[in-house]
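As a plain string of letters, each chain reads:
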Amino acid sequence: MRTVYYLIALVGIMVGLVLFANTAQAGGPWIDQYCDVETTQVRVVDTNGNVIESKVEEKVVCNDGASDFLHGMGIADSCQMYTWDMPIGEVLITQRQIACHKMNGEYEIVQGYHSIE
Amino acid sequence: MGSVLADSHTPGEHKGTIGDMPEPRILGGDLKYSMPAYLFRKTQFMRFRLNRTEKKLHESAVFFMLNEVPNGKIVSWYSKERLANGKVRVIHSYPISGGYCRTYQAYIKLSGKERHITNNACKYIGSPSWSFYK
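If you read the protein sequences in the order shown, they are chains Y and W. Residue numbers are given in this note's numbering: position 67 of the first sequence equals residue 67, and the series is strictly consecutive. Residue numbers are given in this note's numbering: position 104 of the second sequence equals residue 104, and the series is strictly consecutive.
Calculated directly from the structure, the hints in this document are not laboratory data. Mixed in with the good hints there might be a few duds.
[What the hints assert, rightly or not] Dumping the calculated DSS-like pairs for lysine-lysine here, alpha-carbon to alpha-carbon at most 30 Å: (1) Lys123(W) / Lys102(Y); (2) Lys102(Y) / Lys109(W); (3) Lys102(Y) / Lys42(W); (4) Lys42(W) / Lys56(W).
All figures in this text were calculated on a predicted structure; none of them were measured in a lab.
Make a model of the complete structure from these sequences and hints.
Here it is, written out as structure tokens:
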């Protein structure tokens, strides 16, 4: 009787493998991720060309959600960060914002992304 | 996006039929040069009582339009909190001695009430920002 159970379990596992193996996506489950790890190799060299220090710096880079949202919903085909200079009294303040180019050719300023550099 | 002056048109080419905005009032040539120039100031908000976020969105749209967007293309903004939105578009760009100018139309709608203005902005060589005439 035990052998029959083993056989049933084995058949179930085989069926599962065949079904789920067919739905695997290239790039794996993280293909739509917003954040990624960027690596930068830093090498310190003296005047004679000798390597004093070599290290790899890792930085987590995340795309803003607004860009993905507008693109994913078919509203915009691209978004960009832009800056402009605003004189406040005698001081020049550089300000930053995100604008998206929409499918209809217009642009839209994205609320919540204004900042001062 | 290229140069903002790359596709300059005459004012008549961007009247109300393009881009779902009211027909702009074209400024007379004499008027443009006789008026004093200002930095971006609260008259740009057309007497609407916008909150801080909405003012910043409108200001961002104006500067993005002036710096980056070709004639006729609309730059819009929307408030998430209430029925407020605005849009701006350049209707004419032209070089002057020592810089260049862009005539643009700005529109704001707040709780069903809407206003629009036509203004002129010029950028001079060596100047850090735009000069406005309203």
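Okay, the hints, checked on the actual structure:
1. For the suggested pair Lys123(W) and Lys102(Y), the alpha carbons sit about 27 Å apart, so the restraint of at most 30 Å is met.
2. Using a Cα cut-off of 30 Å, the hinted pair Lys102(Y) and Lys109(W) holds, with the two alpha carbons roughly 20 Å apart.
3. Straight-line distance between C-alpha atoms of Lys102(Y) and Lys42(W) comes to about 28 Å, which keeps the hinted pair within the 30 Å bound.
4. Under the criterion of a C-alpha separation no larger than 30 Å, the hint pairing Lys42(W) with Lys56(W) is consistent with the structure, at around 11 Å.
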